[in-house]
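Visitor: The whole structure should be built from the sequences, with the hints applied where relevant.
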Amino acid sequence: MVYTYTLINPIGAKPSEATMTVAKIIEITCSSPTSFDDAIQKGINKANETLKNVKSAWVADQTLHVDQGQVTEYQVRLKVTFVLD
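Residue numbers (my numbering): 1 to 85.
Don't take each hint at face value.
With a cut-off of at most 30 Å between alpha-carbon atoms, the simulated DSS-like pairs for lysine-lysine come out as follows [said to hold, decoys possible]:
#, residue 1, residue 2
1, LYS52, LYS24
2, LYS79, LYS52
3, LYS24, LYS79
4, LYS42, LYS55
5, LYS55, LYS24
6, LYS24, LYS46
7, LYS42, LYS79
8, LYS79, LYS46
9, LYS52, LYS42
Cβ-Cβ distance ranges computed for the label pairs, FRET-style [said to hold, decoys possible]:
#, residue 1, residue 2, range
10, ASN45, ALA23, 16 to 26 Å
11, THR21, ASP67, 41 to 51 Å
12, MET20, THR63, 35 to 45 Å
13, ALA23, GLN70, 31 to 41 Å
14, ASP61, THR21, 45 to 55 Å
15, THR21, TRP58, 12 to 22 Å
For the record, the hints were derived by calculation from the structure and aren't laboratory data.
Built from N, CA and C at the ideal position, the CB exists for glycine as well.
Guide: Okay, here's the thing in structure tokens:
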């Protein structure tokens with residue numbers, strides 16, 4: 001598990017007025033029989049069902065499953081960032 005700490009200091013704000021945001025990054029694997037885009041969307045939809053404040057995601061890995069020369073599954077490994085309350 002990765003913890004990301006970001007200190008935001010708005011212009012003109014005193015250091016005591018600065019806010020801190022804590023974000024977490026999780027890794028999920030999702031798949032689709034139709035496309036990488038569909039697998040990504042399914043993963044983001046599932047993340048939004050179970051997490052609050054999803055802010056970003058990036059594709060860490062893409063894999064194709066092939067059976068008898070035909071693509072049968074598109075799989076992606078996503079890293080999803082969400083901000084804690």
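Visitor: Cβ-Cβ distance between ASN45 and ALA23: within 16 to 26 Å?
Guide: Holds - the Cβ-Cβ distance for ASN45 and ALA23, about 20 Å, lies within 16 to 26 Å.
Visitor: Quick check: does the Cβ-Cβ distance between MET20 and THR63 fall within 35 to 45 Å?
Guide: 37 Å, holds
Visitor: Given the hint that LYS55 pairs with LYS24, does the C-alpha gap stay at or below 30 Å?
Guide: 10 Å, holds
Visitor: Given the hint that LYS79 pairs with LYS46, test it: the Cα-Cα distance must not exceed 30 Å.
Guide: This hinted pair holds, its Cα atoms lying about 13 Å apart.
Visitor: Given the proposed pairing of LYS42 with LYS55, does the C-alpha separation stay at or below 30 Å?
Guide: Holds: LYS42 and LYS55 sit about 16 Å apart, inside 30 Å.
Visitor: Are the Cα positions of LYS42 and LYS79 separated by 30 Å at most?
Guide: 14 Å, holds
Visitor: Has the given pair, LYS52 with LYS42, been kept, meaning a C-alpha gap of at most 30 Å?
Guide: 16 Å, holds
Visitor: Verify the CB-CB distance for THR21 and ASP67 against the hinted window 41 to 51 Å.
Guide: 45 Å, holds
Visitor: Quick one: are THR21 and TRP58 within 12 to 22 Å, going by C-beta?
Guide: Check passed, 18 Å falls within 12 to 22 Å.
Visitor: Note whether the CB distance of ALA23 and GLN70 lies within 31 to 41 Å or breaks it.
Guide: 40 Å, holds
Visitor: For the pair we were handed, LYS52 and LYS24, check the Cα-Cα distance against 30 Å.
Guide: OK: LYS52 and LYS24 at ~11 Å, within 30 Å.
Visitor: Taking the Cβ atom of ASP61 and the Cβ atom of THR21, is their distance within the range 45 to 55 Å?
Guide: 27 Å, violated
Checked against the numbered hints above, the structure violates only hint 14.
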